[in-house]
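Taking the hints into account, I'd like the entire structure generated from these sequences.
Residue numbers are given in the working numbering: position 116 of the sequence shown equals residue 116, and the series is strictly consecutive.
Honestly, the hints are just simulated from the structure, not real lab data. All values derive from a computational prediction rather than experimental measurement. Hints should not be assumed to be uniformly reliable.
Beta-carbon label-pair distances, calculated as ranges [unchecked claim]: (1) 68 x 46: 25 to 35 Å; (2) 89 x 52: 52 to 62 Å; (3) 29 x 50: 29 to 39 Å; (4) 31 x 71: 57 to 67 Å; (5) 47 x 76: 35 to 45 Å; (6) 65 x 44: 24 to 34 Å; (7) 71 x 34: 48 to 58 Å; (8) 96 x 76: 28 to 38 Å; (9) 179 x 145: 18 to 28 Å; (10) 64 x 97: 42 to 52 Å; (11) 42 x 77: 45 to 55 Å; (12) 83 x 62: 27 to 37 Å; (13) 95 x 180: 24 to 34 Å.
Think of the CB as a built atom: it goes at the ideal place given N, C-alpha and C, for glycine as much as any other residue.
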Amino acid sequence: MITRSRPYLPPSLGILLAGEDGSTAARLQEEERMRATAFEAGRRRGLEEGLAQGRAEGAAEAREAAAGALEAEVAQRTSQGAHRAAQVLEQLLAARAADRRAMDADARAALVAALEAVLPSLLARAAGAEVAAMLAEALTERGEDVILLTAHPDTLAAIQAEGFPPPQEAPARLRLLPEPTMPPGSAEASWVSGGLIHRPDAMAARALAILGAPCASSDPSQEIEP
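Dropping the structure here:
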């Protein structure tokens with residue numbers, strides 16, 4: 001009789017690890033539950049962290065946008081304020097320039113009025129000495145020429161009060177001719193080949209014209225040709 005044996009099959013690892021009360025299956029279920037719990041906790045934590053990061057990034061972008069808008073508004077208002085300030089400054093400078101021109105005009109008018117009141121007396125007072133000096137120079141330079149002096153009677157009196165002409169010069173070389181129509185202080189000295197004109201009133205007119213007085217002027221003294 002021939003006896004055949006079956007091949008040996010070792011028991012599975014689960015059977016070897018499992019006790020009679022099924023503790024291995026319970027342990028596997030617990031491990032699976034723990035893995036699921038940990039996965040769910042990680043998922044929730046990731047969602048919360050992502051949400052917090054998204055909120056932070058959104059808040060940062062909102063703050064950046066608000067700061068940009070505020071900066072643009074400030075820049076616009078600054079530009080408008082600077083433009084307005086420049087306009088006000090130009091208006092102020094224009095007003096000050098107008099005030100300065102008005103003050104200059106008033107000062108010139110006051111100065112001209114004062115000179116017009118004072119100059120005649122000053123010219124009359126200094127006419128004698130000025131004309132005497134002019135005649136002395138003419139008598140020296142003109143040699144033997146006879147000089148004819150034409151002037152207002154008051155001017156001739158002022159010249160004579162200055163001690164001019166010297167007795168030795170009159171009437172040989174100098175002749176005095178009163179002319180009431182001439183302005184006081186003016187004098188004309190003439191000789192055969194020319195002459196001189198002394199016009200202090202013209203000098204005063206030039207000064208007043210420079211200061212703004214509307215009057216014509218000529219040279220205070222000039223040589224005349226025959």
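Exercise for the section: Check each numbered hint against the structure and report the violated ones by number, ascending. Expected result: 13
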